[in-house]
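Participant: Spelled out from the first residue to the last, the chains are:
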Amino acid sequence: MIALDHVTKLYGSVIGVNDVTVELGAGAHGLLGPNGAGKTTFLGLVTGQLRPTLGRVRVFGEQPFGNPRVLRRIGYCPAADLLDRTTTPREWVRYLVRLAGFSAAAALARADHALEQVGLTAAALRPLVTLSKGMRQRAKLAGAIAHDPDLVVLDEPFNGLDPVARHDLVTLVRGWATTRSLIVASHLLHEVESLDAGLAVILGGRLVASGGAAEIRGLVDALPGEVTIRCAEPRQFAELAFRIGGVEGVRIEGDAVIVATHRPVAFVEEAVVRALDEGLHLGEVMPADRSLEGIFGHLVRLHRGVKA
Amino acid sequence: MSSDRTGLPAAVWTVAMFQLDRLLTWPRLVMAAVGVVFPAGVMLAAGRAARGGLTSDVQVALLYALIPEAVCMLGLLVTMCPAVADELERGTWAHVATRPNGRRALLVGTWLAAVIWTGMAAIVATALALAVTTIERPVAVGAMFAALVALSCVGRAALFAIPAVVLPKRALVASVGVGLVVEYLAGTIPALVNQATVSLRLRSLLVDWMGWKRKLPTEMQLFIDPQPAWLHVLAVAVLTTVLLAVAVAILDRRQFPPSDEV
Amino acid sequence: MPLHEVGYRGWAGRLLPPWAAVGVIATTGLRLAWKSRWLRRAMLLAWSPALFFAASFFAFEQAVEEGRLTSLTERAARGGNLDGVGILGTVLADTLGRAAATAEHATEAERLVATRKLVWTRLLLAFMRAPQAVLLAVVIGLVAPALISGDLRAKAWLVYFTRPVGRTEYILGKMAILGTIVAVITVLPAIALWLAGVLVSPSVIVAAQTWDLPLRAVAASIVLAVPTVLLALAYSSLTAESRIASFAWFATWAACWIAHSALTTADLVAATSHHGVAVADAADQPEPPPRRGHWLARAAGLDGALDRWAWMSPYHAVGVVQGWIFGVDSRPRAVLPPVLSLVVISLVSTAVLAWRVAAPARA
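Sequence lines, in order, name chains H, B and X. Terminal number for the first sequence in the numbering used here: 313, no gaps in between. Terminal number for the second sequence in the numbering used here: 265, no gaps in between. Terminal number for the third sequence in the numbering used here: 387, no gaps in between.
This is chain H alone, in the form it adopts within the complex (with noise of 0.2 Å):
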């Protein structure tokens, strides 16, 4: 379905992505990095907004840029909000639905029906700017899916969200992914886990991981973690924690002793009941750092030859 060939990206000097090779199927994908990884440059290069400097790109095996063709099968949701102040979501939508190549009758018909998938009914006919940025979002939603695109990309389309419009719209776009493909961008591991969906993980502009859910939560877990724990007796500790095994490296600071090893959780676990059996005098056990974000860092030193 998506396919991106040795695809490099530059803004002038800047790298948007550098030398991306990956083929996404039909189906659900994730799209996580940090803020400035390349993610809607990706979106970009994939919706044909952008036309990759070198490399190819292609999109139900054309390329995308100013293809009529193409675009009419996708639906897009920038992470941009919306910023047109007097329109309602109702002429909004309708407006993008009828671009998309409707007649008005069925425009109006399918922005109705898109509207009310996304929860805005009631506040269809306000004009946007006097809505919340979670019913803002809900709109652009509703304009990327009114068209029915066989491809649904949503770039960062849970930001600004309170939880409980998180979970709706996370419940939503879960929805979407079993009639249609879809690709979500996000630094939130965790939201796009819950879709199910094949995880591609990209920093500074490379794609530096790809895989299954479970293959990327493995890959994390098998990634080297310090942990660092506050004892009265750290030398002792010390030792104790090379007896453990499968440690890297122990360092001494004061009374903290900071561990680094491959499997974080099971050490810690085994270490604190044989620091009790032992006597040992425990203040503080702090974990690794087992966000995206610490991910994200362990992978940057890995790509970089970084001994971690």
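A hint or two may mislead.
Each computed DSS-like pair below joins lysine-lysine, with the alpha-carbon atoms no more than 25 Å apart [stated by the list, open to error]:
| id | chain 1 | residue 1 | chain 2 | residue 2 |
| --- | --- | --- | --- | --- |
| 1 | X | 179 | H | 138 |
| 2 | B | 172 | X | 59 |
| 3 | X | 179 | X | 59 |
| 4 | X | 141 | B | 172 |
Stretch-level coverage of chain X by chain B, calculated; a stretch enters the list once three of its residues show a Cβ under 8 Å from a Cβ in chain B [to be verified]:
| id | stretch |
| --- | --- |
| 5 | 188–200 |
| 6 | 265–277 |
Sample of chain B residues at the chain H side, in silico, Cβ under 10 Å [what the hints assert, rightly or not]:
| id | residue |
| --- | --- |
| 7 | 93 |
| 8 | 99 |
| 9 | 106 |
| 10 | 194 |
It should be emphasised that the hints constitute simulated quantities derived from the structure, not laboratory data. Just so you know, these numbers come straight off a predicted model, no measurement behind them. Virtual Cβ for every residue (Gly too), placed ideally from N, Cα, C.
Chains B and X: place on chain H using the hints.
Facilitator: Positioned in the frame of chain H, the structure of chains B and X alone reads:
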């Protein structure tokens, strides 16, 4: 693909109607009202200043400077120039650019909306101005001005489409420069260069339709083209088509990085 | 477990007074504006006419130095042009011709001083009225529209007014940004031009003879700056879309200029028409008009005809008042209407600014 799909013309019309809807805000309506009233106000003041000394021909000449030139140019600056910049600022560019024929429909649709909006305001301004002047044969003159307004709007909106796609963030200032250089500088050079300007065509049509050819001083004859009227209309149509085609070709190739959207 | 006090820690140093916020807003605004390539190019362009005019100062002083002033004046009085300084030759010719026609001086030295004063005044006035006023309108049109509308759009006024910054400091700060630009485009080049004239003249005594010109240039710049800056900021405060403010700015200049031209044409037609009553009479034309159609000579104040409609156009109103400052035209009926219109523009703009800048806080 659904059987009720429509093509580029329908998309252009959709954009035009949408843009006209966006123009129906109080600030825009106030600006249009000022543009409508301005020529009548000036003509009224000029008539009183001259204490009846302004002949019908002089009044027509003044009205030409005010409406097909000033009002149309200013109206098109505010409606045509932000064709792309508006979309970037409102965060709507990505939505439109990812529609089939979205870019082309946006540009040509905005051009159409600019022509309709400005043209209507200029025609109302003409009617109002004629009501306060002592121009002979006001209905015939009004019809003539309607034609001149239509040609002015159509041609100059296409001219402003170029800076709108080349320099969207500075489109207004660029269009002022283009307008001055192309229409008011090149347009008054009695050489090949002014053949590609709307101002030469409008001036020539004015002189032709008012029957002023024999009354013009010799040195002023350099600033008009004595070709038949249909040729001037055709020239404006050709110029419009070429300018729009160039603008569309440029916009088709333009890329706006995500950071360009505010 | 006792909680640690991690609350606000008061600043132990000396805080600047509230009015210092004006400087902060101004310097920050200038730094941001200066990032624009177009502004930098426009500012560079704004200094280029000064070189052209400096050449004319040099040409005049060279003529004085080489003892050619008398022959030049005679040639000008006969209606001849002065070569070597481009279109400014016409200004010089008209000025010298005027000087020859009106001068009654006891000695050659006195005649020279009077002629120099007249030439320098006209050149400086032409410089300020013709290239600089137009360039200033363009540059302010580039910078001013976004100054307040940008804050409205980004809701940055929340950031300003949750600090100890009042409405007055905010407005003055924004005015200072534009005032600095005005100074760089009009005052500094005018003073530099005067200095250049002094440097290319035979003696430093020339500075004493023309000491008032820099002060008049400063006053003329203030006359230009105050209403234009206030008007530009008022437009900027009325909308969150800077391009609307930009359009309103340029449209005001264009529409008023067109109205002024239309009404002046109507006056001219009436004056030459056998149907109309002559508007211009001898009393309103104390000095001979310049060579026909020469806009730069008119900018130099060499057209002594009463401009009845100057009040209608900011450009022309400012020009008449600047002419009065430079001693060109002191007739009350010539000067008062433009002064009144500039005062009205300034007051209305100030009122709009005061209303709009308070509005978001009230809302």
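Participant: Look at each hint and say if it fits the structure.
Facilitator: Hint by hint, here is what the structure shows:
| no. | hint | in the structure |
| --- | --- | --- |
| 1 | X:179 to H:138 | holds, 15 Å |
| 2 | B:172 to X:59 | holds, 14 Å |
| 3 | X:179 to X:59 | holds, 21 Å |
| 4 | X:141 to B:172 | violated, 46 Å |
| 5 | 188–200 | violated (count 0) |
| 6 | 265–277 | holds (count 8) |
| 7 | 93 | holds, 5 Å |
| 8 | 99 | holds, 7 Å |
| 9 | 106 | holds, 7 Å |
| 10 | 194 | violated, 38 Å |
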